[in-house]
Amino acid sequence: MIDLFIIPLLKIAIVLNATLVGVTYMVLLERKVIAWAQSRLGPMRVGPHGILQPVADAVKLMIKEDITPVRVDRWVFTAAPIISMVPALIVYAVIPFGPEVTLFGREVTLYIADINVGLLYVVSVASVGVYGIILAGYASNSKYPLLASLRASAQLISYEVAVTLTLVSVILVAGTLSMVGIVRAQEEAGVWFAFIQPLAFGIFFIGGLAETNRSPFDLPEAEQELTGGFHTEYSGMRFALFFLAEYANVIVVSSVATTLFLGGWLRPFPSVDALAFLDIVPSWIWFLLKSFVFLYVFVWVRATLPRYRYDQLMRLGWKVLIPLAIVNLVVTGFIRLMVL
Amino acid sequence: MGEAIAFYTIAAFVLGFAVLVVSTKDTVHSVLFLVLDFLFVAALYVLLGAEFLAAIQVLVYAGGIVVLYLFVVMLVNLKGLPEEHRDPHRRTKLGLGLAAAVLVELGAIFASGYARPVPQVAEAAIPVVGNTEEVGWLLYTNYLIPFEIVSMLLLVAMIGAIVLAKREL
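Quick note, the sequences are listed as chains A and B, same order.
Sequential numbering of the first sequence, starting at 28, is according to the numbering used here.
Sequential numbering of the second sequence, starting at 5, is according to the numbering used here.
It should be emphasised that the hints constitute simulated quantities derived from the structure, not laboratory data.
In silico DSS-like cross-links for lysine-lysine, where the CA-CA straight-line distance does not exceed 27 Å:
id	chain 1	residue 1	chain 2	residue 2
1	B	K29	A	K170
2	B	K29	B	K97
3	B	K170	A	K346
4	A	K170	A	K91
Label-pair ranges, simulated between beta-carbon atoms:
id	chain 1	residue 1	chain 2	residue 2	range
5	A	K170	B	E172	29 to 37 Å
6	B	I9	A	W102	22 to 30 Å
7	A	L332	B	G6	46 to 54 Å
Backbone N, C-alpha and C fix where the C-beta goes; we use that ideal spot for every residue, glycine too.
Please model the entire structure based on the sequences and the hints provided.
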């Protein structure tokens, strides 16, 4: 009873809450880092150094008026933000934050589920998320959101191909689709897959930037051309849901990249015994630290790089990343065949 | 018992959404019901212990093919000229014909399939464990030729689409 229902429910509650708090603080991180990059202070008023700014933002967004324009497709208009948010949250079901730990005399795993097709689950759930954006643009019954949503979905579909191909080469190296199994394979190999598959790592990161509509690929939100993007007609909490979904997706990409390429919960250099004293730090803290590095790089890239033009974006996706990913996959397959 | 309840609930959703797909007036809504339908079919696969198939169902059908349907429906102007009706019962006749064909097929499956015991040979011969591994093993041994033929078919369709779209290549 306890093992079947109460512990999983507790884990789900903890992970969901941690994610939502993480998402709101991701907004603060972004504002602070960009402010520092531009020699500003960023939010300073709410709490010391603006530490309570996310709380103020959340309260503001919740009490704002939620407007539904007259000639929208009412059902789809309401469903679109939910469809964006839900896939970003349910991906956490298979993300391993750590191995088994003993807590109050009970063996507890630091992941919600370890399913046979874990990585495939992540990809397929993420592929459903694109509906939120398409439908928001369609249901708004307005030209700029429609243009933005077409851009966004073309971009998502193109980069999904490259990202999925890199995942296949990781699967070839690890020999399993299970997320826990992939981390264990890195433990056995004694090296992070980022060193075995550097090209896949690079393509995954660039593709991740594009799939989360982040700068320098944030064309769906190009204000100068589109007055905001697919969420132009949205206001209040529904608008906030789109933003939360975007940041939740950024965190998802960071966690998946950590699991696949940076050894998940493993300490740095898992094969070097001289660094064994690092095991003092709990496994899940390593996981969070590595994910945080990714989150920081996401913001850093936004503060540094200018936006791509649309044709450049498509050319990069189809003519550079996808061929590179295919070459990487073929080479990995050959090496794997020779070694075994 | 629990499995039966889950099966009938999911099956009811699958059929209900399928009816909504064909009965809804708005084409975009119809496509959305199709997505829901595919998701519940994936749930049915999970119930049968075929997690790999379920993940592929969501990835390829719900997340891939229907997105393209949605593009076509959104971008093609469907409120164009009403088509000419020569025979007002043409569609009804076609529908009845197709329904009869499906009925005959179902009858044939019931008559032949349930009479024989299901062969269990293939299952014993698979040397790998795990859902994904078993699907892969069967695809590249027992079903190699159909698999290759299907991939050829997809390649031909792809080349055909490129030729049609890019006349002066």
